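Colleague: Start from the sequences and build out the full structure, keeping to the hints where you can.
If you want the building blocks of each chain, they are given just below.
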Amino acid sequence: MSLEFSRTVTFGQYINVNSVVHRLDARIKMLSVACVMFCTFMTRGFVSILPILAIAVLIQVTSKIPVGYTLRGYRLLLRTMLFIIPFQILFYRAPAGVQVDPYWQWWVLSISPQGISAGLYTLTRVILLYHTINMLMFTTTMIDLSDGAEILFEPLKKLRVPVNELVMTMTVALKFVPLLITELERLIRAQTARGVRFDTGGVIERTKKIVPVLIPLFVNALNRAEVLIVAMNARCYQGGEGRTKLRTMHIASTDVFALSIILLFAVSAAYIGRTFGV
Amino acid sequence: MITVSRVSFDYNANGSNPIRALTDVSLSIRAGELVALLGHNGSGKSTLAKLMAAVMFPTQGELSVGGTHVTEKTAFDIRRKVGLVFQRPDDQLIANRVIDDIAFGPENLGLPREVIQQRVDSAIATMELESIRTAQISSLSGGERQRVAIAGVLAMEPSCFILDEPTTMIAPVLARSLLRTAHALRDRLGVSIIHITHFMHEVTDFDRIVVMDGGSVLMDGTPKEIFARSEELAAVGLDVPLVTKVGRVLRSRGLPIAEPILTAEELRTAIVPLCSTVPSMQTAVLQSPDVPTVRTDPPFIDVQNASFSYMKDTPLETIGIRNVSCSIHRGQIVAVLGGTQAGKSTLIECLNGLRTLHSGRIFVDGTDIHSKGYDIGALRDRIGVVFQQPETQLFEETVGKDVSFSPRRKKLPAETSKALVERSLHAVGLDYQTFRLRYVYALSGGQKRRVAIAGILAGEPEMLILDEPVAGLDPRGRSELALLVKRLAQESHLTVLIVGNTIDELAELADYAIVMHEGGVLLEGTISELLNQAELLHDVGLELSEAAEIARVLKQQIPSFPTTILHLEELCDTIGRFCTQPKE
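Just so you know, the sequences run in chain order A and B. 0 is the number of the first residue of the first sequence in numbering that gives the first Met the number 0; add one for each residue after it. 0 is the number of the first residue of the second sequence in numbering that gives the first Met the number 0; add one for each residue after it.
Simulated from the structure, these hints should not be mistaken for lab results. Since this is a predicted model, take the numbers as computed values, not measurements. No residue lacks a Cβ here, since even glycine has one placed at the ideal position from N, Cα and C. Watch out, some of these pointers could steer you wrong.
[Claimed, not checked] The calculated label-pair distances, taken between Cβ atoms and stated as ranges, are:
#1 A:Ser-18 with B:Glu-61: 56 to 66 Å
#2 B:Leu-315 with A:Val-19: 20 to 30 Å
#3 A:Leu-70 with B:Glu-528: 48 to 58 Å
#4 B:Leu-315 with A:Leu-221: 27 to 37 Å
#5 A:Ile-132 with B:His-68: 46 to 56 Å
Modeller: Structure representation (structure tokens):
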């Protein structure tokens, strides 16, 4: 087991390289992501998903995030998918009007070119969804995300949803992630040094070994949370009421342009999918 | 500015068994005053700080800040006047980026955007954070984080700063720069500063020192007044700065030195006029280097051109160690010294196979530990590492269980295991019968650390690595633990590696020392050989022992003064030799 989680787990990391994508308004990015995700669900096959693929490539290139780094993040996802996709192929049931000519068939199980194609299509969709969210995280700081969310969800305040407090909770929770990861690394390192082998043994044995790591981790996290409350109080935090903000968000012409392009591609993907079913 | 009158405080005041933390404390802090609050753990100083910052409220008595009574109702107004900086910056930083964290306070005050902007900019300028203003806090070093934490309080424009033990957990170099900041804030902005600390030498140039013990104020006066009362301080387990002791010893030997001496510079001014030319014979004796015994046997550990980087091949890559070569022989006590980010911790993690080198090799007993089929698990049993702040890494419920972790894992018979635990606890000065069933969480910081060391000893290592074994403890804890480590190193016949950022009594134990800087080896040799280069060591952020530090300052005006000095007695004797004997 590697001691550097932060090296292998790329999800949720912000990569500080200055690019057009990084400079886009967080609200625009979040809207775009929502739109791309929605339209991805509207696609019906390899043809309709092409525009989505184009968006993915476009963002990857313009964001200046090293391709190798992005790909590294797919390892875990691919491993999970390798486990799931075979089932999807085996249990494939053709929708009405589609001719299936299986290579092999037994009971409800079959292997057919249509099944394989559907499996691969699902895989592509999952990867694209993951990629879209990943790109948002790579190029947007947490504070931009939470500020953007605060504005986007503003209307919910009318429904008495405590938007400011929820966003603050999210910010604080996210602050803890790197701290907890460092702490986890430290605890694992200390126990490895005392002879615990985290990289050997079966599932049950490994789970057993992780428990003594999690206990001090949670105890420390609770202690930290308590201290943080005092710290926030000491700096006059009293909830969202009456709070002002240093940061303002501006929508520039590049933002409008970027959103239009993405809308164009995403909607065309949805349109092709809905109309032609391919 | 702040008036505390007859304040008492109980933790759990409304519960079934309240714990008294402060008894009848009265104190007043004037505007623009630089005050040190000294005392041991449990003396009540942190409690007092929290009361003054209105994050807790007194059980009895009254507090007022700038004429306003501190109550839950006025807390918001008090908190904007009194800023609290915590011991660990990680406890205090709330946002993810520097600039956003600094803005957090002013935002809570509901200030207009332009005002927030202006306050944040000026806090950034004052704390010299310009280059990292948009950086992620998680990517900053400890010292930078602390500066951000102070800037965050600064942006609220308080009229009083309370620094709650900010120097306990950080390297001495950072502590010094923090103190410079405290002075600068007072001088430039006219704010009052209350600095809470365990360390006497930090506060010799403060306006005023308040000493607390057992929940009440024991002494209150200028540094000169306080440090003249060294017997009373000693009675409550507090020590005067070493240079003050030197002054006392020299005076008792008849040198005309006024009491008390507070800084090395003062001492220098006092003794330079007394200096005579140095007898050449004695200097020759002083400067003869210890001849290191050349070891011809093959080394136990041999490191060859080792390099390792963190987050290798990602945009976040940083260098851990580069091109390090060194060797350690059986039975040797070796010190690895260096400032922060020198690569010391990375090196020990590589030695025990926790990290795999990116280039270079490490041989243990002649075998390359990265070779195929090498049993890394067995290596970790042979090299026991006590990490920094090991007390936070205890994970079993009771002392006995935690210490017996290794023997149980190796499935040793119950009798052998029991004997090992007993022996290990005994070695760290804890009685087996008394401590076996104690709950780990109920131990003191120093005891926890001992238990952690016992846990490593119970694994019967051939070599023991101690990473900054005394860091983060209060002075009493430090000297007790230093004594323990000394005894362990001398009596155990283990090969010992002590990692530190100070040439202190632990580093002195070492037969050999390696100084690291920016990931590479800068110097190696015996401690006295290293001390010949005191100025260089000082420049790379390695802290000298108090005695050597005084010698370094003296040398600046007495060029022949040796810097290879480790102890109080040695320093006094040397000064004595340099000074003319006063006439009877």
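Colleague: Each hint: holds or not?
Modeller: Hint-by-hint comparison with the structure:
no., hint, result
1, A:Ser-18 with B:Glu-61: 56 to 66 Å, "holds (58 Å)"
2, B:Leu-315 with A:Val-19: 20 to 30 Å, "holds (22 Å)"
3, A:Leu-70 with B:Glu-528: 48 to 58 Å, "holds (51 Å)"
4, B:Leu-315 with A:Leu-221: 27 to 37 Å, "holds (29 Å)"
5, A:Ile-132 with B:His-68: 46 to 56 Å, "holds (52 Å)"
Of the numbered hints stated above, none is contradicted by the structure.
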